[in-house]
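Enquirer: Protein chains in written order, with the numbering used here: chain A, 6 to 662; chain B, 530 to 677.
Because the hints were derived from the structure by calculation, they are not lab data.
Idealized CB from N, CA, C, for every residue including glycine.
Incorrect hints may appear among the rest.
Said to hold, decoys possible - One-sided excerpt, in silico: chain A residues whose CB lies under 8 angstroms from chain B:
| hint | residue |
| --- | --- |
| 1 | Gly-242 |
| 2 | Val-249 |
| 3 | Leu-372 |
| 4 | Gly-386 |
| 5 | Lys-387 |
| 6 | Gly-391 |
| 7 | Leu-402 |
| 8 | Thr-452 |
| 9 | Arg-454 |
| 10 | Trp-496 |
| 11 | Trp-500 |
| 12 | Pro-585 |
| 13 | Leu-607 |
| 14 | Ala-610 |
| 15 | Ser-611 |
| 16 | Ser-615 |
These are the residues of each chain, in order.
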Amino acid sequence: MIPELGHFSLVLAFVLSLVQAVVPLVGASRNRSALMAVGRPAAQGQFFFVAFSFACLTWAFITSDFSVEYVALHSNTATPLYYRITGVWGSHEGSLLLWALVLAVWTVAVTVFSRHLPDVFLARVLGVLGCISVGFLAFLLVTSNPFERLLPGAPEGRDLNPLLQDPGMIIHPPLLYMGYVGFSVAFAFAIAALLSGRMDAAWARWSRPWTTVAWVFLTAGITVGSGWAYYELGWGGWWFWDPVENASFMPWLLGTALIHSLAVTEKRGAFRSWTVLLAIGAFSLSLLGTFLVRSGVITSVHAFATDPKRGLFILFLLVVVIGVSLLLYAWRAPRLSGGGSFAFVSRETALLGNNVLLSVASASVLLGTLYPLFLDALGMGKISVGPPYFEAVFVPLMTPVVVLMMFGPFLRWKGDSLGPALRRVAPAFVASIAVGVGAAFAIGHATPRTMLGLALAAWVVLASAQQLVARLGERPGAASAARLRGIPSAWWGMWLAHLGVGIFIIGVTLVGSLNQSLDVKMREGQRAELAGYSFVFRGVQDAAGPNYDASRATLDVSRGGVAIATLHPEKRLYRAQGMPMTEAAIDIGPFRDVYVSLGEQLPDASWIVSLYYKPFISWIWLGCALMALGGIFAASDRRYRKLAERSAPAAAARQAA
Amino acid sequence: MKPRSKRLVLVGVGVALLVGAAALVLNAFQQNLVFFHTPTEVAAGKAPTGRTFRIGGLVEVGSVQREPDGVTVRFAVTDTAKTIPVSYQGTLPDLFKEGKGAVVQGRLEADGTFRASEVLAKHDENYMPPEAAHAVEQAHKAGATVKP
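Next comes chain B alone, as it looks inside the complex (with noise of 0.2 angstroms):
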């Protein structure tokens, strides 16, 4: 082969490698994106069934109960105009407490509790976590724009 050919070949070899490379990567990208809804939007049907996504605000002041197992919490999560009830089964970050923000992961059940497989809280005491306060704010906004 001429080394111009050879170069062509070596270039379309390396284009399809990258193709296939990008394709695979993007796959996977839209596949496994988890997306995040207020409780607002929760309550009003906008999150996804049967798809993992997060929650996020504060966990509701009176709320966390353990089941008899011990390692069965429920718990609920407001923006402080809706509250949507979570279950999970694990331990709790040492920073997850009553009354502080609180970044769930799981899935909606069909009545409506959220099972989480994950609960995040900051790694810091005056640390809110950002989805949760843009959770709490926004349902502030709506709050603001329904009132006269």
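The shape of chain A in the complex, shown without the other chains (with noise of 0.2 angstroms):
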């Protein structure tokens, strides 16, 4: 009953989207204000009945429901409990229906937040965002209804792949789904600047809070996600350039290049329709990412859908999307032209050369990803790209970028003199490559990678300490306290994400170069060294969990003689998919991760041991943290909700001229 009530409102809200979608926009180009006002109400209904859908299917995973084939396939009734809530998303139509969920929190968000947008913009802005939702549900409901029936219902369930079972995976998907649909919301805005053909810096200013929240939600979940990779994959890389992990790269890339040209939209109003462009680029590779991630056409444990019919439907809504919006864009953009000039040495010019950049990465990874994709469907030979091409590009094309990232702060917008901006950075830049290559000597490890990775993160590091000083002796005489309150939380946030790049780069780079592994045969009482670190092997037990049995290992981890940890990495074996796991166990410290996974028995019962050294790996999670910390203060600065009450008359009275 129960789930017959949640495939209903389901229906319910597929026409509440429908209302919502054709409604607001039809008032919209006719001005007739009570059509307009429908767009409100209906958002807010879709999102109730999606909402209560939602909780329909998870109260047939708490219940395990197994009469319900979408619980049977992935519960069991010996799953904890949070693992069967988390089940909910764990595979294609479940986490589809988490993607309409997010949507629907993000358009009741728009409509709660939009006091002060003009009723013509905000009906565009959720007509838009109705026609997404509309795809979507139509893709649920016709393709992959997580409520159809199975009868009779099975005995028991076959529970949920290991691999998810992870608190990692609690987050990961609805931290990552808030950040890719979050861009549909830049994109609708960016629809409706060009619906109604005018785009001005109040228009940048109610978008940006938007885009750089949705970017910090991707971050986040990006983050989660690549820490999962870490312990639970069960041999320490962090990043792999997989297919997946590309699918949400690519709208990360093209999201940063968005907030950046928003910033320039707003402050000098130039970029616009480059801004616009951005913003269907972000939300269109989210949808890419959707499709390559859900469509089966690459093979990885996001990859659930087998059935054609599925990846077809999203590859229509994607070039639904992408024709219909580029076609807007050919059609009214012209009219978006103009605004502010600039000199070639200028604030907007730095910009303007990391937007280029980061859409040229973003292209890369685009290729890398889709080339064996396009080989196989034309049948011209398999092939697969991997990790050293991404490299290859990657260093060469990030460099430029983290240096003009931080060159561009000490540049005044409109223009400046090339010469005393260069004096300006010139003793932290010199110092910069002087403390990469001292370093990179001083760790005994002198490649040019390393050297070249220390030193951009000495500029980083010399660079934000150099702002911050010049910021806060811009008000002589105040008291320091003063001074530091006197600086707004934007710029706060932009420091802690520029210096979050330069604490990930050194994560990036030490981990890359100083990191050992050892893969040993172990028996009881047996000592290894790996680092200065001895492991010895204390022997394994039998372990039971709630719906897996495992062996259970101990080694103890010493260092001089000193006691660290004692680790229990497992190898577990779950019952009712009978599928094997491996779960390492990884003391974590500021300065290095030492990590232990257990590999297989041999016959004469001693085991294989990976072993593995990790220094300064946390680093790349912290300065992911502090990126995204950044845009949480970026995006909570008061100049936005008081700029954007006194524009919005002023604002209003435009859009209806």
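Need the complex rebuilt from these two chains, each delivered in its own frame; the hints are there to steer you.
Expert: Written out as structure tokens, the structure is:
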């Protein structure tokens, strides 16, 4: 009964999304406020029904209702409650329902925080969001109904894929979807601007916080996903350039370009059509990511759908969204041109340079991800594009990005003179090269890549320090506390996020250079040495979990005779699917992780053990966390609220004119 | 400078930058493509020597052997027509099993052994890597055309 209610509620949500897609857009084009006013309640109603439907599916999981096929395939009575709940988005149908729910959440957020938006504009934004909703709800109802019954019901469920039974998986998909789908708001703002043919600084100011928040979620989602891969896949890598990771990284790169381009549009009125194009691109790549991950064209833990109809449907949706929005862009963008002019040497140029580089980087990931799929689809042979390609491309593309990123803030908007600007940054620049080269020699790993990485990191840190000092010096005479408080949170956001990039580079460089590993056969009582740490194998015991049986090893880790940790890596066998799983054990430290995973048992009762020494790996996630934190600071700047309120009547007057 | 010529220079610099980036990307792309070959192709000498490539198929039943050091493994990958011996040093993926599909990346040694740097098995018990499935399918097709 409950599943049928969920299904019915989804149908109602679909009907409301149709209303939300059509009525406000018609109202906006005819300037009928009664029709435009329909958008808000329709969106809120749609949210209610999607949320109710989601709750029904969750209920089916909690109560282990195996007469629902989706539940029977992805849950089990022995699965712990929290993994039964996360099992809701553990596979194709449920994760699409989560997609729809997240879209409804963003739409409702727009209706709540949009008091200052002109009615016509809001109607168009809600209309566009409604169109996206129609597409996804139709997809759910037609090809991927999660409430499909299984008659007669299964006596026991097949359980969730063991790789997904992990705390990281509780939050990774919702965070990532909040990011992906969040770009739909930026997209809807951009399309609304194209429809109205008007786009000004006020538009950028409305759009900016939404885009930044979506970017924060995407950053956090990717970070958690990377952390999950690190400890769950059992061999200590943190990024594999796997098509699925690339699918989330492409919108991130373009989204990063977008938030910077929006900054220029807000401050200087320039880059308007470029900003719109980036907004369309970021959302299209989010959809492409959904297509890649959900259609089964690539094989990974994420690829569930084996039904070709589903892939075709998302592809169709993708073509419609990209096609329609680019057509609209070609038709309307010429009206958006113009805006502030700027000199060669200016902050705009630095931001433009980074925008272009980030877009090229995104395109290079797209090439590496899609080319093998194209060849395969055309029957022209099977190839794969591995990490060496992406590394060969990313280092040269991202090096100028990082240099410009820290140089840009020293330049004035509109125009600056090159000589004084260079003199401002020269000391820090020279010092960072010296630090980078010196540090590389000091750690005994003086390769060009290590020197480059450390020099870039030093450049980011030194230039950040210099920027902070310069900023604090702007109000001479004031008390230092007052000076600190006088800095707007948007500036702190930029500063933190850029510093985060530096921390991230330190982590990536050092773990790449100094990382050590050893695969070794061990017996009880045997000792192995790695990177100055000594590991004593204390044997393996049987341990039983709620839905798995494990062989649990004990290793004592010590350094120079001082005990550091006792680690318990496991080899699990999940009962329902008979699937083996390696569960690594990690001693996490601020400057290094010691990582142990258990391989297989050999006939002579010894075990294969993999030992890893991962210096500075936590700095990778720390850097990402700083970037996300910077985004939160940037989005919470007071001026968005204040300026938005002040400009709303003026903007409304202009819109109506 | 007049605004017009300024814009021209800006566009010129932008295009030069893009061309440079494209050259970089395409060059890296060409150098790092990893091709896939079926065991039959490898046996026929169609696979490159001195370059990394992938083979796929089924892990032959009874072929997995460990060297005394415990971490060096020898096994054979077959597409049911031809079989290629593989050696690999390291931990095998959880789902690596005799009789199941696997994809192996590495180089071909002079003695005909495939020295693997990476062994890929899949995330799901019932799932066959498409490359492995493709190799077996090709072998079956070839077999069907040879037989009268």
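Enquirer: Any hints from earlier that this structure breaks? Give me their numbers in increasing order, please.
Expert: 1, 2, 8, 9, 10, 11 and 14
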